[in-house]
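Participant: Keeping the supplied structure of chain A fixed, place chain B upon it in accordance with the hints.
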Amino acid sequence: MIYKLSQNNKKSITNSSISISLENVSIKYGSSVAVKNIFCDIKKNQVTSFIGPSGCGKSTVIRAINRMNDLIEGCKLSGSVIFEGTDIYAKNIDPVEVRRRIGMVFQQPNPFPKSIYENIAFGARVNGFRGDMDQLVEESLTKAAVWDECKDKLNESGYSLSGGQQQRLCIARTIAIEPDVILMDEPCSALDPLSTLKIEETIHELKKNFTIIIVTHNMQQANRVSDFTAFFNTEKEGKDLESKVGFLVEFSKTKNMFNSPKQKSTQDYISGKFG
Amino acid sequence: MKSSSLKNLTYKPSLARNVGNKILTITAASFAAISVLPLLLVISYVIVKGGSYINIETLILEPEPPGDDLLSAGGIGPAITGTFIMTVIASIISIPVGVGGGIYLAEYSKSGRFAKFVRFGTNVLAGVPSIIAGVFIYAIIVSTKILFGSMFSGIAGGISLSILMLPTIIKTTDEALKLVPDNLRRAAFGIGSSKFTMIYNITLPAAFNSISTGILLALARAAGETAPLIFTALFSRYYITSFDDLFYEMGSLSVLIYNFALEPYEAQNQLAWAASFILVVLLLSLNILSRWIGTLGAFSKNKV
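Protein sequence lines correspond, in order, to chains A and B. If you're matching positions, the first sequence starts at 1 in our numbering and goes up one per residue. If you're matching positions, the second sequence starts at 1001 in our numbering and goes up one per residue.
Think of the hints as simulated: they come from the structure by calculation, not from any bench. Relax, there's no trap hidden among the hints.
Heads up, simulated BS3-like pairs for lysine-lysine below, C-alpha to C-alpha not over 27 Å straight-line:
1) B:K1195 <-> A:K28
2) B:K1116 <-> A:K28
3) A:K76 <-> A:K91
4) B:K1178 <-> A:K76
5) A:K114 <-> B:K1195
6) B:K1178 <-> A:K114
7) A:K28 <-> A:K244
8) A:K36 <-> A:K236
9) A:K43 <-> A:K143
Interface residues of chain A toward chain B, partial, derived using beta-carbon atoms under 7 Å:
10) M104
11) V126
12) N127
13) I177
Glycine included, each C-beta is placed from N, C-alpha and C at the ideal position.
Pulled out of the complex, with its shape left as it was, chain A reads as follows (with noise of 0.2 Å):
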């Protein structure tokens, strides 16, 4: 059933061009699965949300597009991740050069302890960054909106700003390493209203030049930032029914998915019902 539901999807984004395509994707950790069975094309210079109950495996999933679960001890997919042509998960694959690409920011706000500019510069420089490097800082914090706010201390180190800033820096981070692609981890959960409403600002300004995937529990947040949605939900499986499976069980239009959505779950976790 699932398989046939993202061939429905598959047909209706066709014709614009595809940033990453998730193909049968499962992970595991250890023996346990966390996801399974994954399809879903990612358009380019789109916004995608994540959003589903807690445990459903978002962000297993979008960790898996950068390779960070490389990371965790155990963790295997299964499946391909096709970015741009290529399988990332294939053997000749250096997960350097994907997360060049493909960059990301995290629910917690993780300036390093450096300076603001150091920040930004750091980053660039790994990527071998040969330009004007002032101009670049000052470009990227301009894009994620904290330009204004820390142009007249960037010497001082990054964790001299409010949350919400830091988050703006390391979004600005992420943009000066020149990706295709930005992941957004649940940039929000730990802000206020108000710098949460900035980052969707800044959203909607990057997505003119990048391709940007975020996970959200927030809704409203989904129906606000995002082009497309994609709901995931947990099934429990084995004999015990205690593992809970996570699967993607609709990816749409934003606009479609919250006004008319062809799943039950999915209107009843939009609408509040569980979740």
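Facilitator: Structure of chain B alone, referenced to chain A:
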């Protein structure tokens, strides 16, 4: 009614639990005081007794052979430089090996079998008596004359001290790196840095203060050791004058104390006290320095 309830709330010192509480508090406090007493007594005794023999001549002259001159025993200059040189040699060996090993344990092999074995070995090595380190180096370096035919030498002394420093440095590096939040590692990977770049630019600098603290504590321990040096560096009354002298016997503060404190001559005994004073001041300042470095938090708001 009101007054009686108020009365019930007052503190009654004669109650059994309050009396017991007081007795236990006093007992614990006095044991705490007793536990620092040896430290205070040793340090103050050495400082008072040794401090009075400190002057420029004691600090720079070479020591006289016991019994030569009953009025003056010379100074402890060569012993100070000897201790300094041997701890430097020990550092040159143990800091790269120790920090490198700690990096491997914390960053590369988090819980592999080899890492478990190395951690176990480090813990055992930390508990090995220093004299064993001395005998070991005596057996493989001094008695075999493996170092260009030289036997007792400053280099052998430094190597035996490095064995004592190694476990402390590995352990503190390992622990310090483990304390660096994984958030920072993910951040570094998230912007496409390689593992080496991540360690070199992010986690090592973040753990730098704790690692330096560990190194200083290891240094402080090594600088005061006597037993390993008796077997390896022995003692010399002369300053080193050339690089070659590293391959000959070398004096040190701790061995000078050991040799001269037992001499029947007053002058030599005074020199041993002066050396004790210098050693204690050196160790105290290393400890205080390490504490100070430890307080320079890597994540404070103002530090860049």
